[in-house]
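**Q** The primary structure of each chain is shown beneath.
Protein chains: 2
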Amino acid sequence: MSGPNRRAIQKEETRRAVLDAAREEFERVGFESANLRSIAARAGVSAGTVLHYYGDKRELLHAALFDDLDATWRAALGNLGSGPLENQLSRLTAAVFGYYQARPKLSRTLLKESLFADEPWASKFAAQIASVTVEITRLAARAIERGELREDCNTALLAAAWVSFFHFGQISWAQGAYPTPVSLIDHLVRQHLQGLRPVEKQPSTRRAR
Amino acid sequence: MSGPNRRAIQKEETRRAVLDAAREEFERVGFESANLRSIAARAGVSAGTVLHYYGDKRELLHAALFDDLDATWRAALGNLGSGPLENQLSRLTAAVFGYYQARPKLSRTLLKESLFADEPWASKFAAQIASVTVEITRLAARAIERGELREDCNTALLAAAWVSFFHFGQISWAQGAYPTPVSLIDHLVRQHLQGLRPVEKQPSTRRAR
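So the protein lines, in turn, are chains Y and P.
Using the UniProt record's numbering, you'd call the opening residue of the first sequence number 1 and step up by one each time.
Using the UniProt record's numbering, you'd call the opening residue of the second sequence number 1 and step up by one each time.
Chain Y with its partners taken away, still in its complex shape:
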């Protein structure tokens, strides 16, 4: 392998080691108490190297969390099965909350930062949730085709409702009000879908459920 290639690989390995160390340290002591020297020591590099890659602690937090959370969303969206929509949304909720619940300390910080980050992270987190919204809109359109939802169902508004319930679950959980928000979110989604089901005008033609 040539020298430049090896250097590129080493660079990438260093980056990964720093991000892994950062996630461990943030989860262990919380964002406020975490310091760059401990993270550098954990990653086996100098504090200067960490600063060279990430500038400061907040930048490091975003880099460590964003990629990780992004991978979680992608994996969850790729594993929703074929329906009904209610089950697909429940799977999505459970998968993303699994990520949060495995990292309780980190997630509180993540949540605060993802909802109220400064640029460029504000745009990145906004794009992340926008792509989730687009995907739910598509899932809802397929649910209309399957006859699960009414033809005139506003799919974009349904997606916004799911994001609303999801944020509510996140916030309630981070505040300590609900230890298991997944079931709360499922109930809110079910109640919301009630009004979007096809109207069965003629009881004689009602489908078996």
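Keep in mind that the hints were calculated from the coordinates and are not lab data.
It cannot be assumed that every hint is accurate.
Which copy is meant is left open, because identical chains are indistinguishable; a pair holds if it fits in one copy or across any two.
[Said to hold, decoys possible] When the alpha-carbon atoms are kept at most 25 angstroms apart in a straight line, the in silico BS3-like pairs for lysine-lysine are as follows:
| # | residue 1 | residue 2 |
| --- | --- | --- |
| 1 | LYS124 | LYS112 |
| 2 | LYS105 | LYS11 |
| 3 | LYS57 | LYS112 |
| 4 | LYS11 | LYS112 |
| 5 | LYS57 | LYS11 |
| 6 | LYS124 | LYS11 |
| 7 | LYS57 | LYS124 |
Following the hints, complete the assembly by docking chain P onto the known chain Y.
**A** Same frame as chain Y, but now just chain P:
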């Protein structure tokens, strides 16, 4: 008037002057850039006096915002009219957003802090939203009595849905995604209420609307 009474009144006036000055300064330059000396100067007191009452800038932020926001919620809840529920919820949304929209800079900070504050403010903000939730549950129970909602409507879940949509509107607005979230929230509430309307099983007995 006796000396001690006059001192108590002066104290209260000083507190109010400091809180007013803090709100103005936070809105003018943002929470991060605001400094205690400018606030003290604006209130006509020493920085030591401000620190004596409020300890630090974050404490001052919470004291300045919480009372103000609390008064806004109380006034809004006291002025919802007699129904229908959909209109009452729309009035509540508009009144509280009126407060935010009149103070755009302050509100972004307020939002971040009210959703993710540390104690004792976390409990105070949680109690504030809990009392709103209780009030919406009551309004929904009256809507059931009026025949607007089904008998088996879960009023607590409906209240949680309203809070979800309200937070979603707040967050979207603070992120700059929706300049006018009130109408978005109204649409989400309307869609949610669709499934909670009484089932009109017998067209011949359908009420006039």
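**Q** Does each hint hold? Answer for all of them.
**A** These are the hints, each one checked on the structure:
no. : hint            : verdict
1   : LYS124 - LYS112 : both (14 angstroms within a copy, 18 angstroms between copies)
2   : LYS105 - LYS11  : neither (29 angstroms within a copy, 41 angstroms between copies)
3   : LYS57 - LYS112  : both (15 angstroms within a copy, 20 angstroms between copies)
4   : LYS11 - LYS112  : neither (30 angstroms within a copy, 36 angstroms between copies)
5   : LYS57 - LYS11   : within (19 angstroms within a copy, 42 angstroms between copies)
6   : LYS124 - LYS11  : within (24 angstroms within a copy, 47 angstroms between copies)
7   : LYS57 - LYS124  : within (18 angstroms within a copy, 30 angstroms between copies)
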